[in-house]
Amino acid sequence: VRSASRSAIWSAWGGFHDFWFRAADARVYGLLRITLAAAALLNLGVLWPERYRLFARDGSLAPLASLRDAWQPGFYSLFHDFGSHLAVDVTFGVGAIVLVSLLLGIAPRLAAIFAWLFHLNYTRWAFYDLTGWDNLLRGSFFLLAFFPAGDPYCLEYRWQQKPAPQTRPRYGLLLLRWQVLVMYLSTVWLKADNFHWRRGDVLGYFHASVFSKVDLSWSFRFPATLAFVTYATLLLELALPFLLLSKRWRALGFALGLALHGWIGLTTEVGIFSVVTLATYPAFLDGDDLDRVDAWWQTFRGRVLGSS
Amino acid sequence: MTLDRVFTTLRGALALGFCYHAAAVAVSGLLPAESALAERARPVFATYLRVTGNMNDWAMFTDRPAFRRFDVTAVAEFPDGSTRRYGPVLPGLEPYDGSMRALKLFVKLGQNSENRALAKYLAALEQAILERDGVRPRAVALEFDTEVFQSHAEVTKTGVLTEKRTYRRALR
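Protein chains in written order, with the working numbering: chain A, 258 to 565; chain B, 8 to 179.
If you are wondering where the hints come from, they were derived from the structure by calculation, not from laboratory data.
Every residue, glycine too, gets a C-beta built ideally from N, C-alpha and C.
Honestly, I wouldn't trust all of these hints.
Derived coverage of chain A by chain B (criterion: at least 3 residues anywhere in the stretch with Cβ under 8 Å from a Cβ of chain B; other residues may be distant) [what the hints assert, rightly or not]:
| hint | stretch |
| --- | --- |
| 1 | 272-281 |
| 2 | 301-311 |
| 3 | 316-329 |
| 4 | 387-397 |
| 5 | 452-458 |
| 6 | 536-550 |
Derived pair list, reagent style DSSO-like, types lysine-lysine, alpha-carbon separation capped at 27 Å [as the list claims (entries may be wrong)]:
| hint | chain 1 | residue 1 | chain 2 | residue 2 |
| --- | --- | --- | --- | --- |
| 7 | B | K115 | B | K171 |
| 8 | B | K111 | B | K127 |
| 9 | A | K470 | B | K171 |
| 10 | B | K115 | A | K470 |
| 11 | B | K127 | B | K115 |
| 12 | B | K111 | B | K164 |
| 13 | B | K111 | A | K470 |
Stretch-level coverage of chain B by chain A, calculated; a stretch enters the list once three of its residues show a Cβ under 8 Å from a Cβ in chain A [as the list claims (entries may be wrong)]:
| hint | stretch |
| --- | --- |
| 14 | 20-28 |
| 15 | 40-48 |
| 16 | 58-71 |
| 17 | 95-103 |
| 18 | 108-121 |
Full structure from sequences and hints, please.
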């Protein structure tokens with residue numbers, strides 16, 4: 258009996274272990290590293306003109322920083338002690354260097370840790386004025402810091418002429434997929450019992466508000482269509498993570514996600530959220546997907562070059 | 008069991024623990040604050056969340072937006088009875104530019120006149136005005152010039168989507 262239960266425990270252990278640590282194509286990690294670093298660089302570029310307003314000791318958020326005790330665990334930010342314009346410039350400069358290093362794959366583990374610290378530092382200071390994409394970037398870089406480091410797209414392997422790892426344990430991809438799934442489900446969960454989401458007119462209000470670049474207030478003249486589009490948006494947010502998780506429907510998930518976030522990105526003032534969300538999508542890919550894209554690309558290139 | 012195997016097993020257990028913990032933390036954000044389950048789960052993860060900053064707050068556009076148009080200025084009253092207008096953005100008393108983060112900040116500051124953040128912000132504005140003009144204002148307020156969406160009942164009754172609303176937020 259003792260031997261049987263020991264065997265069952267080891268078998269369960271093996272199952273759990275295999276679920277999280279089975280080999281995944283290292284190129285997926287590489288692509289994810291590149292897309293997240295690129296999205297974070299874009300965010301940094303958007304923050305740059307506002308950096309003194311947001312982070313300097315004479316800026317708009319400095320009076321509000323004392324609403325929290327900086328010395329409580331989890332509240333300290335370097336901006337509490339280094340809030341001069343020069344210090345803010347240096348912090349942003351370091352952030353940019355770290356993100357470029359991550360993008361290129363130079364010391365990727367260290368770069369991921371510092372990228373997380375950069376986002377943690379600014380979000381702790383700017384807690385009164387945070388956006389959804391700040392949360393998503395900070396959480397993604399935390400996971401990235403624990404990801405298996407090193408992939409075939411890292412520049413440092415090419416420089417050193419070392420063979421790059423072709424597979425990596427897949428736990429990092431699973432955790433980021435889970436994070437994205439929770440994000441989508443949370444938004445649906447929180448919206449579903451709201452009066453205007455249920456009435457189906459919230460998108461009309463949204464596109465007539467300060468958050469929209471295009472004025473679609475005329476859409477109120479077509480309430481049934483407006484309600485249909487509003488419900489379709491909710492349904493899409495609910496379905497997207499499951500489509501992305503499914504090998505069979507993944508391409509459709511990518512296309513619909515691109516359409517939804519592309520629309521948000523082009524027509525609203527919160528477009529960077531779309532960029533950051535789409536930057537997490539490579540976590541749903543596997544090696545077969547990348548092979549297919551590569552084959553398609555080679556064919557496309559061959560045809561274009563062949564016809565020119 | 009060799010020492011090497013013990014270390015390998017421990018390392019594996021630690022890694023598994025991290026994975027399940029990170030997954031549980033992410034899903035804990037889904038629990039409504041008022042649920043009995045959240046009451047039990049939140050304290051377990053509170054310190055970890057504060058230290059790592061991995062808060063899962065995805066309450067984005069869960070209701071219709073409030074404003075069709077939004078603008079804000081700072082208004083200062085001086086001891087001689089005069090009034091002057093300034094840009095409300097620090098540093099430099101710059102005008103409000105409608106950027107997403109400025110919008111979020113001033114919408115929150117303008118929610119009511121009894122929040123500590125507003126008191127601190129108005130004090131900083133007062134100091135900035137003193138440094139620029141050499142006179143300490145007697146009072147400073149934020150003046151909001153907005154167009155807000157009317158209630159659903161009002162829209163249904165009148166067919167008018169918005170109304171203009173100008174209001175001030177000052178210390179009480």
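Hint by hint, here is what the structure shows:
Counting residues of the stretch 272-281 of chain A whose CB lies closer than 8 Å to any CB of chain B gives 4, so the stated coverage by that chain holds, three being the minimum. Remark: the stretch 301-311 of chain A is confirmed as covered by chain B, as 4 of its residues place a Cβ nearer than 8 Å to a Cβ of that chain, reaching the required three. Counting residues of the stretch 316-329 of chain A whose CB lies closer than 8 Å to any CB of chain B gives 9, so the stated coverage by that chain holds, three being the minimum. For the stretch 387-397 of chain A, the proposed coverage by chain B is satisfied: 5 residues have a C-beta within less than 8 Å of a C-beta in that chain, meeting the threshold of three.
Look at the stretch 452-458 of chain A against chain B: 5 of its residues bring a Cβ nearer than 8 Å to a Cβ of that chain, three or more, so the hint holds. With 0 residues having a Cβ less than 8 Å from any Cβ of chain B, the stretch 536-550 of chain A misses the three-residue criterion, and the hint is violated. A threshold of 27 Å between alpha carbons decides the hint, and for B:K115 with B:K171 the separation of about 19 Å falls inside it, so the pair holds. For the given pair, B:K111 sits about 17 Å from B:K127 by alpha-carbon distance, which is consistent with the 27 Å threshold.
At roughly 20 Å between alpha-carbon atoms, A:K470 and B:K171 fall within 27 Å of each other, so this suggested pair holds. For the hint pairing B:K115 with A:K470, the CA-to-CA distance comes to about 22 Å; that is within 27 Å, so the pair holds. Note on B:K127 and B:K115: the hinted pairing holds, with a Cα-Cα distance of about 13 Å set against a maximum of 27 Å. Only pairs whose Cα atoms come within 27 Å are accepted, and B:K111 paired with B:K164 is rejected, the gap being roughly 30 Å.
Restraint check for B:K111 and A:K470: the C-alpha separation of about 17 Å stays at or below 27 Å, so the hint holds. A count of 4 residues in the stretch 20-28 of chain B with a Cβ less than 8 Å from any Cβ of chain A is obtained; the coverage claim is therefore met, three being the minimum. Residues of the stretch 40-48 of chain B with a Cβ under 8 Å from some Cβ of chain A number 0, which does not satisfy the need for three, so the listed coverage is violated. Using a Cβ-Cβ cut-off of 8 Å, 14 residues of the stretch 58-71 of chain B lie near chain A, which meets the minimum of three, so the contact claim holds.
Look at the stretch 95-103 of chain B against chain A: 4 of its residues bring a Cβ nearer than 8 Å to a Cβ of that chain, three or more, so the hint holds. As drawn, the stretch 108-121 of chain B meets chain A at 6 residues by the rule of a beta-carbon pair under 8 Å; at three or more, the given contact holds.
Hints 6, 12 and 15 from the earlier list are contradicted by this structure; the remaining hints agree with it.
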